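In case you want the letters, here they are:
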Amino acid sequence: MKKYTTKNIDRYIQNEMPPSKKQQWEKERKSDKKLDREIKLYQEIEEALREKDIISLRIALLRIIKTGYSPLKKKIHNLSEPSQITVMS
Amino acid sequence: MKHYSNDKILQGILQKDNFILQYVYNTYFPEINLYILRNNGVEEDAYDIFQEGIIIVYRKIKDNKFFLKCSFGTYLYSVCRLLWLKQLRQKRTSFIVREKLPLYLKDKKYQDIIETIEKNERYSLYQKYFLKLGKDCQKTLQLFLDEVPLKNIARLMGYKNEKYAKKKKYRCKETLINNIKQDKEFIELENKNND
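Residue numbers (the working numbering), protein chains in the order written: chain A, 1 to 89; chain B, 1 to 195.
Nothing false has been slipped in among the hints.
Here chain A is said to cover these stretches of chain B; the calculated rule only asks that three of the stretch's residues, wherever they fall, bring their Cβ under 8 Å from a Cβ of chain A: (1) 125–132; (2) 140–151.
Between beta-carbon pairs, the in silico distance windows are: (3) A:Ser31 to B:Leu189: 22 to 32 Å; (4) B:Lys132 to A:Lys34: 21 to 31 Å; (5) A:Lys22 to B:Ser5: 51 to 61 Å; (6) A:Met17 to B:Cys70: 50 to 60 Å; (7) B:Leu37 to A:Lys40: 35 to 45 Å; (8) B:Glu118 to A:Asn8: 27 to 37 Å; (9) B:Val42 to A:Ile13: 35 to 45 Å; (10) B:Lys62 to A:Arg37: 27 to 37 Å.
The set of hints was computed from the structure by calculation and includes no laboratory data. Since the model is a prediction, treat every value here as computed from it, not as a measurement. Heads up, the beta-carbon is just placed ideally off N, CA and C, and yes, glycines get one too.
Generate coordinates for the entire structure from the input sequences, incorporating the hints supplied.
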């Protein structure tokens, strides 16, 4: 797996490899499940990082918690009994 | 306290309106917190689940196929409950559910939401680790994703040259991926996919 470094995988998914090398990788991907999984992971991570709107929603939600939201002071005594899961072991 | 209609809440979430988000926490978190505390979780789990619940609602609104047939609170509660049960199942906790929930994954009426939950599960992990990177790394990776020319990235970030900017990008990506791979939840998801 040594040649499958972050740099090389990144160059592969960004289409920065020379066509002959890219073709070779395509072939290797078909026979090497580990490599295929690794490339898919990189692609998926990149896709997740492109979700700027969701990342900014995450930041907004984290900010609400960090700015001292204390839910248990409110309402909790007015709640009805929620359904329960019984742990066996 | 003022009450908001479903439409106002959904619109507020879509716009990431701080006031509405705060209202959603104040109004709906306590019940979900209590549910999780009573079902083998701790408050930290409740915060995580609640946050992911809101993000799933946001994903659904963005889909444009989202019509609420119940109150927002009921919907959010059921999403959070599914998230929590799925998490317990992933942890391979042996449990009996008093509701008929072990079958929920196969139930057609839940399929749509389950698909969103599964996509969100992995993406959420990646995004959380992205937000744990240093500001420098976050910004560098974001600039690359925005396809800002290398020269400009080096200038904006104060890097000595373009070569260094690329090196920094690889280093940040490597850190991000290594951190993700070491996460317990990621390992569980990978094992599940390999089963």
